[in-house]
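Residue-level listing of the chains:
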Amino acid sequence: MTFILFIEQLLNGLQFGVMLFLMAAGLTLVFGVMGLINLAHGSLYMVGAFAAAAVAGWSGSFLLGLAAALAAAAAAGALVEMLVIRRLYDRDHLDQVLATFALILIFSEGTRYIFGSFPLFLDIPDALSGPVILPGGIAYPAYRLAIIVTGLVIAAGLFLLIARTRLGVRIRAGEADREMIAALGVDISRLYTIVFALGAALAGLAGALVGAIQSVQVGMGEPVLILAFVVIVIGGIGSIKGALIGSVLVGLTDTMGKLLLPALFGLFMDNSSAQATGSAIASMLIYILMALVLIWRPQGLFGARA
Amino acid sequence: MKLKTWIAAAGLAGMASMGLADGHGGMVKVGMITTLSGGGAGLGIDVRDGFLLAAKMAGNDHLEIVVEDDQRKPDIAVQLADKMIQSEKVDVLTGIIWSNLAMAVVPAATAQGKIYLSPNAGPSALAGKGCHPNYFNVAWQNDNLHEAAGGYANDAGFKNSFILAPNYPAGQDALTGYKRTYQGELAGEIFTKLGQTDYAAEIAQIRASGADSVFFFLPGGMGISFLKQYADSGLDLPVVGPAFSFDQGILQAVGDAAMGVKNTSQWNKDIDNAANKAFVEAFQAEYGRLPSLYASQGYDTANLLLSAMAKADIKDQDAFLAALKEADFESVRGDFAFAANNHPIQDIYVREVIKEGDVFTNKIIGTALEDHSNVYVDECKM
Numbered sequence: 001m002t003f004i005l006f007i008e009q010l011l012n013g014l015q016f017g018v019m020l021f022l023m024a025a026g027l028t029l030v031f032g033v034m035g036l037i038n039l040a041h042g043s044l045y046m047v048g049a050f051a052a053a054a055v056a057g058w059s060g061s062f063l064l065g066l067a068a069a070l071a072a073a074a075a076a077g078a079l080v081e082m083l084v085i086r087r088l089y090d091r092d093h094l095d096q097v098l099a100t101f102a103l104i105l106i107f108s109e110g111t112r113y114i115f116g117s118f119p120l121f122l123d124i125p126d127a128l129s130g131p132v133i134l135p136g137g138i139a140y141p142a143y144r145l146a147i148i149v150t151g152l153v154i155a156a157g158l159f160l161l162i163a164r165t166r167l168g169v170r171i172r173a174g175e176a177d178r179e180m181i182a183a184l185g186v187d188i189s190r191l192y193t194i195v196f197a198l199g200a201a202l203a204g205l206a207g208a209l210v211g212a213i214q215s216v217q218v219g220m221g222e223p224v225l226i227l228a229f230v231v232i233v234i235g236g237i238g239s240i241k242g243a244l245i246g247s248v249l250v251g252l253t254d255t256m257g258k259l260l261l262p263a264l265f266g267l268f269m270d271n272s273s274a275q276a277t278g279s280a281i282a283s284m285l286i287y288i289l290m291a292l293v294l295i296w297r298p299q300g301l302f303g304a305r306a
Numbered sequence: 001m002k003l004k005t006w007i008a009a010a011g012l013a014g015m016a017s018m019g020l021a022d023g024h025g026g027m028v029k030v031g032m033i034t035t036l037s038g039g040g041a042g043l044g045i046d047v048r049d050g051f052l053l054a055a056k057m058a059g060n061d062h063l064e065i066v067v068e069d070d071q072r073k074p075d076i077a078v079q080l081a082d083k084m085i086q087s088e089k090v091d092v093l094t095g096i097i098w099s100n101l102a103m104a105v106v107p108a109a110t111a112q113g114k115i116y117l118s119p120n121a122g123p124s125a126l127a128g129k130g131c132h133p134n135y136f137n138v139a140w141q142n143d144n145l146h147e148a149a150g151g152y153a154n155d156a157g158f159k160n161s162f163i164l165a166p167n168y169p170a171g172q173d174a175l176t177g178y179k180r181t182y183q184g185e186l187a188g189e190i191f192t193k194l195g196q197t198d199y200a201a202e203i204a205q206i207r208a209s210g211a212d213s214v215f216f217f218l219p220g221g222m223g224i225s226f227l228k229q230y231a232d233s234g235l236d237l238p239v240v241g242p243a244f245s246f247d248q249g250i251l252q253a254v255g256d257a258a259m260g261v262k263n264t265s266q267w268n269k270d271i272d273n274a275a276n277k278a279f280v281e282a283f284q285a286e287y288g289r290l291p292s293l294y295a296s297q298g299y300d301t302a303n304l305l306l307s308a309m310a311k312a313d314i315k316d317q318d319a320f321l322a323a324l325k326e327a328d329f330e331s332v333r334g335d336f337a338f339a340a341n342n343h344p345i346q347d348i349y350v351r352e353v354i355k356e357g358d359v360f361t362n363k364i365i366g367t368a369l370e371d372h373s374n375v376y377v378d379e380c381k382m
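Respectively, the protein sequence lines represent chains A and B. Start counting the first sequence at 1; every next residue gets the next number (full-length UniProt numbering). Start counting the second sequence at 1; every next residue gets the next number (full-length UniProt numbering).
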């Protein structure tokens, strides 16, 4: 294995991690502030991807598609919060899981009704297509680099939002004691709608960004949702910092595992069976990582509550 | 989805009360278990639409069809098969797209005396030692298109291929099939996860391997993701694969990334025979889109069943199986017969992705294998 391949895979892992962060941040924010488990978060990712594909296809502009993805996902999130989620805050987690699972089915069939069963088309913008040459002669797709940068900028923005702004103070306060901030005159139900829409917009953005390199199709959100849950469990529930570290950890583990494990098994097996065994174990690797983290720190890496 | 198909089935059954028996009579109830939701939905929908189209065109009022969605999950497919056999009392099962689902359903169904007609999945385990007189594959044995791809790679002068496929029965069959005919070296061999959508890691490995060509088998959405990312990576090694990643249902989503790619298939819309012309026209008229490989397979499956119904009564199963084995129908792919293990003997073509107006599609540029059977025939004892 060459040095270049190794660096390229590190970048791939980072890009995968950053994309997971956009999903996990919204999920963990909603859980931290409202104590709500939202299984339909993956549907908002799908809504973002479909909105981007539809608008980019109609207007020919990727940026308009991106804006549409943010708007559509945030609107869908706010609507869902006001119509459904609002009634679930005081119920137990099993009720929330059941209701939001129903939302997955409604979103999936609704999307199929509007767009049909065949995958949609969303292209990478011309300015970002093709590879760029990084120092050391590494040819790396410009678009993936853009995803890394976008994700890191959004992570920084989210930290600033929570640590420095008035909204951030209210979010943190809502996390600590919702009755008290309601008593202090903050409109708690509006705050919840805003937080939910913010989380939804992040998921929609992830969907639109990823839609350009993968297929935009019904059900695309569910596999990502599972990974986002793994990230949150590793990073610690309710922690944005945990979500970021957890995402990068999961991204790197998955990518490097797929590269290194088959090579490792190749040392003492023939090539075909090393490939098959190595790939099989590589796909379990993030769950093994999750188990190890939970043994060591049951509350996750940055979790406040045990 | 289910409701719509029930209405279609009821419509077909409704006509039964008025129709006259056509010689042999006897209702045949078909249970179709296929993938209608999630990542692989396009494939199942095309198989279903092709099958229902043939049934509608035949106007045979002794055919009743029940359609259910397996969601690409083996456990759900098994539940549906139980329900179809126990409470729906179907005579014939069909529809499964994915080999892992076929392995979960077919052996149990044939052991209970049901007939299974596969419109797609053809795992090697059911072609060799696991063959059964009640199991027919109307599409291909899994290895077939990949063997043709390996043959094409030799003709194209590829000496150092990088090969990849998902880690499930059809993926393993794919790489086995390619390696059986391909004579060059292997630059690398990767099994990916089934349903994987990000191939950055694999593409980096292809780049580092020094390969001169890439062979891949990634059906459905997996292939779209791979091709788009491959095109964007700046790698320009020639790509060859089976038709599954270059088929009508997904070519529009892949877009320019697929232009000019060679792929192998037993069917294409430009195969010149009367049955195929009628099929392509009727499919477009009925559904407003071009038919895919999967639609052609669903259509042929229904016509095979109808041909047997015209010759024998399903209650006399031995006669019915003999009638199926004759394959006495006009296949849209041209000449077609069953080998001793009930898998096709057929020509396999090389196609190239082209653009007709705004629509991406394929045209045949040559024949890779003529009257091709499969290597598992001799292992099959029945």
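None of these hints come from the bench; they were simulated from the model. Each residue gets a CB set at the ideal place from its N, CA and C atoms; glycine is no exception. Where hints are given, some of them may not hold.
Stated by the list, open to error - Pairs of lysine to any residue, SDA-like flavour, derived with a Cα cap of 20 Å: (1) A/K241 x A/L252; (2) B/K73 x A/I288; (3) B/K73 x A/L252; (4) B/K193 x A/K241; (5) B/K83 x B/G59; (6) B/K193 x A/L227; (7) B/K193 x A/A102; (8) B/K193 x A/F3; (9) B/K193 x A/T277; (10) B/K179 x A/L227.
Claimed, not checked - Cβ-to-Cβ under 8 Å is the rule here; a few derived chain B residues that face chain A: (11) A41; (12) G130; (13) T192; (14) T197; (15) D198; (16) A200; (17) A208; (18) G210; (19) G221; (20) L237; (21) P238; (22) G249; (23) I250.
For this session: Using Cβ atoms only, decide whether B/I250 comes closer than 8 Å to chain A, and label the hint accordingly.
Result: Check passed: Cβ of B/I250 comes within 6 Å of chain A, closer than 8 Å.
Exercise. Can the hint on B/L237 be confirmed by a CB-to-CB distance to chain A that is less than 8 Å?
Worked result: Since chain A brings no Cβ nearer than about 13 Å to B/L237, farther than 8 Å, the hint is violated.
For this session: Quickly compare the C-alpha distance for B/K193 and A/T277 to 20 Å and report which way the hint goes.
Result: Given pair B/K193, A/T277 holds - Cα atoms ~12 Å apart, limit 20 Å.
Exercise. Measuring from the C-beta of B/G221 to each C-beta in chain A, is the shortest one below 8 Å?
Worked result: holds (4 Å)
Problem set entry | Restraint status (C-alpha distance of B/K193 to A/K241 at most 20 Å) | violated (29 Å)
For this session: Verify the proposed pairing of B/K83 with B/G59, using a straight-line Cα cut of 20 Å.
Result: Violated: B/K83 and B/G59 sit about 27 Å apart, past 20 Å.
Exercise. Is B/K73 close enough to A/L252, meaning Cα to Cα at most 20 Å?
Worked result: violated (29 Å)
Exercise. Regarding the pair A/K241 and A/L252, is the alpha-carbon distance no greater than 20 Å?
Worked result: holds (17 Å)
Problem set entry | Restraint satisfaction for B/G210 [CB to CB of chain A, less than 8 Å] | Not OK, violated: B/G210 not within 8 Å of chain A, min 10 Å.
Exercise. Is B/K193 close enough to A/L227, meaning Cα to Cα at most 20 Å?
Worked result: holds (14 Å)
Problem set entry | Pair hint B/K73 and A/I288, alpha-carbon separation not exceeding 20 Å | Answer violated: B/K73 to A/I288 is near 24 Å, above 20 Å.
For this session: Please verify that hint: B/P238, Cβ, nearest Cβ of chain A, below 8 Å or not.
Result: violated (18 Å)
This entry does not satisfy hints 2, 3, 4, 5, 7, 8, 10, 12, 18, 20, 21, going by the numbered hints stated previously.
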